[in-house]
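Participant: Top line first, the protein sequences correspond to chains A and B. The first sequence lines up with residues 1 to 588 when you count with our numbering. The second sequence lines up with residues 589 to 783 when you count with our numbering.
Simulated from the structure, these hints should not be mistaken for laboratory data. Bear in mind the structure is a predicted one, so any value in this text is a computation, not a measurement. Careful: at least some of the hints might be erroneous.
Claimed, not checked - Listed below are several chain A residues computed to face chain B (Cβ distance under 7 Å; list not exhaustive):
1. Leu241
2. Val245
3. Ala246
4. Gly267
The beta carbon of each residue, even a glycine, is placed where N, CA and C say it ideally should be.
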Amino acid sequence: MTSPHSSHAAPQSFWRKYVFSLDHKVIGRQYLDLSLVAVTTGMILSWLMRLHLAWPTRAIPFLGALSPEATGGIITPEYYLSLMTMHGTIMVFFVLTTAPFAGFGNFILPIQIGAEDMAFPHFNMMSFWVTFVAFIVLVSAFFVPEGPPLAGWTAYAPLSAVGKDSGPGEGWGQTLWVISIGIFCIGQLIGSLNFIATTLDLRTKGMTLARMPYSTWAWFITSVIGLIAFSVLLPACVLLLLDRVAGTSFFIPAGLVISDRLQPHAGGSPLLWQHLFWFFGHPEVYIAILPGFGIVSHILPVVTRKPLLGPRVLIACMIAIGFLSYTVWGHHMFMSGMNPLSATLFSVPTLIITIPAAIATLLWIGTLYGSKLRFNTPALFCLGFISVFVSGGLSGFFLAQPAIDSYLHGTYFVVGHFHFVMGVAAMFAIFAGLYFWFPKMFGRMMNETLGKWHFILTFIGVYCIFMPMHYLGLAGNVRRYSTFTVDYMKGSIPLHRFITVAALFTGAAQLIFFYNLFRSRFRGEIAPANPWQATSLEWTTSSPPPHDNFGGHHPVVYHGPNEYGVAGREGDYIMQTSPEPEPVAAAS
Amino acid sequence: MTSLSVKSPAAPAQTGVLVGIAAITMSFAAYSSALIVRQGASPDWLHFTLPRVLFFNTLVVLASSATLYVARPRSRATADPAGSGAAVDAPNLTWLYATILLGFLFLAGQIMAWRNLAAQGLTLSSSPSSSFFYLLTAMHGLHLLGGLAGLLYVVYRVRRSSPVRAVVAYKAASLYWHFMTVLWLYLFAILATRI
Numbered sequence: 001m002t003s004p005h006s007s008h009a010a011p012q013s014f015w016r017k018y019v020f021s022l023d024h025k026v027i028g029r030q031y032l033d034l035s036l037v038a039v040t041t042g043m044i045l046s047w048l049m050r051l052h053l054a055w056p057t058r059a060i061p062f063l064g065a066l067s068p069e070a071t072g073g074i075i076t077p078e079y080y081l082s083l084m085t086m087h088g089t090i091m092v093f094f095v096l097t098t099a100p101f102a103g104f105g106n107f108i109l110p111i112q113i114g115a116e117d118m119a120f121p122h123f124n125m126m127s128f129w130v131t132f133v134a135f136i137v138l139v140s141a142f143f144v145p146e147g148p149p150l151a152g153w154t155a156y157a158p159l160s161a162v163g164k165d166s167g168p169g170e171g172w173g174q175t176l177w178v179i180s181i182g183i184f185c186i187g188q189l190i191g192s193l194n195f196i197a198t199t200l201d202l203r204t205k206g207m208t209l210a211r212m213p214y215s216t217w218a219w220f221i222t223s224v225i226g227l228i229a230f231s232v233l234l235p236a237c238v239l240l241l242l243d244r245v246a247g248t249s250f251f252i253p254a255g256l257v258i259s260d261r262l263q264p265h266a267g268g269s270p271l272l273w274q275h276l277f278w279f280f281g282h283p284e285v286y287i288a289i290l291p292g293f294g295i296v297s298h299i300l301p302v303v304t305r306k307p308l309l310g311p312r313v314l315i316a317c318m319i320a321i322g323f324l325s326y327t328v329w330g331h332h333m334f335m336s337g338m339n340p341l342s343a344t345l346f347s348v349p350t351l352i353i354t355i356p357a358a359i360a361t362l363l364w365i366g367t368l369y370g371s372k373l374r375f376n377t378p379a380l381f382c383l384g385f386i387s388v389f390v391s392g393g394l395s396g397f398f399l400a401q402p403a404i405d406s407y408l409h410g411t412y413f414v415v416g417h418f419h420f421v422m423g424v425a426a427m428f429a430i431f432a433g434l435y436f437w438f439p440k441m442f443g444r445m446m447n448e449t450l451g452k453w454h455f456i457l458t459f460i461g462v463y464c465i466f467m468p469m470h471y472l473g474l475a476g477n478v479r480r481y482s483t484f485t486v487d488y489m490k491g492s493i494p495l496h497r498f499i500t501v502a503a504l505f506t507g508a509a510q511l512i513f514f515y516n517l518f519r520s521r522f523r524g525e526i527a528p529a530n531p532w533q534a535t536s537l538e539w540t541t542s543s544p545p546p547h548d549n550f551g552g553h554h555p556v557v558y559h560g561p562n563e564y565g566v567a568g569r570e571g572d573y574i575m576q577t578s579p580e581p582e583p584v585a586a587a588s
Numbered sequence: 589m590t591s592l593s594v595k596s597p598a599a600p601a602q603t604g605v606l607v608g609i610a611a612i613t614m615s616f617a618a619y620s621s622a623l624i625v626r627q628g629a630s631p632d633w634l635h636f637t638l639p640r641v642l643f644f645n646t647l648v649v650l651a652s653s654a655t656l657y658v659a660r661p662r663s664r665a666t667a668d669p670a671g672s673g674a675a676v677d678a679p680n681l682t683w684l685y686a687t688i689l690l691g692f693l694f695l696a697g698q699i700m701a702w703r704n705l706a707a708q709g710l711t712l713s714s715s716p717s718s719s720f721f722y723l724l725t726a727m728h729g730l731h732l733l734g735g736l737a738g739l740l741y742v743v744y745r746v747r748r749s750s751p752v753r754a755v756v757a758y759k760a761a762s763l764y765w766h767f768m769t770v771l772w773l774y775l776f777a778i779l780a781t782r783i
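All chains, please: the whole structure from these sequences, using the hints.
Facilitator: Below is the structure:
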């Protein structure tokens with residue numbers, strides 16, 4: 001008899017093979033392709049904002065022709081907010097959630113646990129295509145009358161709930177936003193369900209939980225977080241949509257006057273939206289960053305040729321972060337009006353959550369300490385990840401305290417903080433994972449020289465962009481404003497120009513990455529099965545792996561993924577599938 | 589297939605349903621907390637008498653869980669889900685049909701409740717209490733439709749005479765269906781005490 005899961009025959013037709021594929025490897029690549037399109041879109045939007053901030057009176061060429069909302073290429077305050085909303089939404093949902101979690105997780109997780117595919121291949125296909133539809137719905141907001149929404153990626157009610165009166169883009173644009181995010185939730189819920197069932201049930205013989213690679217652990221924990229978080233965002237989107245189209249009053253208070261019009265709603269609670277949103281929104285930060293923890297922890301032993309320091313402590317830290325992520329959402333609402341006691345109750349776990357994060361960081365640094373580091377591109381991006389994660393994390397201490405947050409919350413300090421710790425750190429982990437797993441995904445190596453240049457320029461670039469934002473914020477430069485031409489903020493313009501130039505420079509540096517990506521895909525050096533001399537299961541099969549991952553057999557696992565630096569043998573590592581006994585003493 | 593997999597093939601389906609139940613529980617927890625917050629937010633909460641058909645519907649959904657339990661496959665069959673060749677008993681078709689019928693009856697009853705409410709002039713937007721009434725019953729109904737699809741799949745598997753897969757499907761679908769019953773009891777209690 002056949003097992004009811006994970007053994008579908010290799011498809012023959014083009015559509016089943018590349019488009020509506022059930023193969024987790026194809027689906028993983030589709031997710032990564034989608035996030036590549038999304039990240040490019042999001043980055044272009046950020047350039048438009050940066051150009052306007054630096055030279056507010058100068059017209060941006062071609063923009064007037066592209067967007068009727070930006071008359072003559074000049075970005076209006078409303079259109080600036082639209083760009084900001086779309087930038088945030090695209091980046092958080094369609095890049096930071098899809099790439100490190102759904103993209104790499106789909107491709108790598110089943111192979112790392114020795115499975116032929118995900119537990120529910122049809123659900124897996126559905127998960128991607130639902131996410132794809134969500135992206136199309138969101139981007140279509142650019143093409144409806146009055147353009148995209150302007151309520152921010154957090155879509156605070158009642159601005160997001162009352163419709164056209166609250167500004168251009170708040171009609172159709174905002175409705176499309178709510179529908180898009182609702183659809184996205186469904187896609188991610190199906191995906192998370194699949195990840196959890198796969199990890200629990202499809203591990204091959206000998207692959208105990210303790211022997212799972214850290215990246216698989218991270219994706220597993222992330223999928224549990226995602227399952228809970230998106231289960232709450234979806235109802236929130238349903239309620240918001242009903243407020244917008246069905247005349248209900250969940251979030252719209254009584255007597256609300258917007259644009260000189262009394263809104264025909266009564267009694268709703270705007271704070272309710274914020275609670276529901278941030279109950280999802282804060283764990284979302286960890287949905288973006290925990291896969292990065294996993295990827296970096298997976299790559300560091302490979303490049304340092306040492307076992308990872310405290311592997312069980314690391315897993316405990318990730319679980320602790322996952323748990324604590326549900327206790328801190330109120331710290332986004334210190335400025336929304338909150339009982340000081342509640343603020344303290346949210347402040348304390350916010351500070352506590354830095355402990356597991358700091359322990360994980362110390363474990364990575366401890367692993368690096370005294371190692372003979374192989375300075376390849378994945379290693380560089382891991383170092384970059386640690387650097388920006390620490391830089392961004394440190395400013396979190398300030399923001400965790402209500403008294404300080406009330407000054408900094410509305411300023412560029414916060415922009416700098418979350419771009420470092422969530423955006424750039426996660427992006428560096430994505431780059432590390434891509435340079436590391438590219439040979440497995442496409443059977444060819446990426447170019448190392450180009451990779452190193454990509455890292456160096458990007459690393460310098462992101463510090464030039466986001467470090468000055470902290471100073472701007474401390475100086476009182478407010479965020480979400482489209483121009484700083486008034487009085488005391490005028491002085492910030494030169495620094496904003498510097499940031500804009502740095503952003504364009506960093507964007508240009510990504511051309512090296514794109515060139516490397518596409519060139520290596522077709523012309524790169526042919527990759528062997530295990531180019532990095534790593535121990536986990538994905539490196540035991542060919543590059544790229546066959547349709548059923550292991551060519552008809554099921555690998556048997558005898559070791560954990562951490563057997564590096566083993567003394568007294570030719571290679572300094574033991575594959576997870578190697579039947580030899582555990583070494584008596586590992587080299588120090 | 590000579591699989592080295594140590595788990596029975598039933599495992600992923602069961603796990604999937606359990607994880608799905610966790611997600612659905614979480615989303616109804618979100619709706620419930622929204623209801624409680626909204627009720628306390630302002631004095632426009634309208635109390636009204638629940639349509640009497642809901643008591644009948646509650647009995648129907650309880651009965652459907654009972655018939656589904658009676659439909660369970662018996663004998664040694666379930667002891668060997670890995671299927672080493674031993675005869676496997678399939679779930680009982682008649683009782684499955686009875687369950688599906690009761691499921692549709694329940695949905696029809698819910699629609700009657702809506703009509704009853706609309707006849708009183710209570711629409712989705714008239715009061716937060718009626719908003720939540722329509723919303724919660726609609727969401728439960730949607731999820732129940734998913735359960736009906738699952739039961740129809742079990743029927744399909746039984747009729748295709750693939751007993752092992754039918755048993756796997758039955759276990760997963762019935763777990764979900766019983767959860768739908770429990771979820772309705774919870775929602776009914778919330779609606780009865782709050783509205």
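Participant: Does each hint fit the structure? Answer for all of them.
Facilitator: Each hint, compared with the structure:
1. For Leu241 of chain A, the interface hint is violated, since its Cβ never comes within 7 Å of a Cβ in chain B; the closest pair sits about 11 Å apart.
2. Interface restraint check: Val245 of chain A against chain B, minimum CB-CB distance 10 Å, threshold 7 Å, status violated.
3. The criterion of a C-beta within 7 Å of any C-beta in chain B is met by Ala246 of chain A, whose closest approach is roughly 5 Å, and the hint holds.
4. A hinted interface residue such as Gly267 of chain A counts as satisfied when its beta carbon comes closer than 7 Å to some beta carbon of chain B; here the least separation is about 4 Å, so the hint holds.
Against the hints set out earlier in the document, violations occur for numbers 1, 2.
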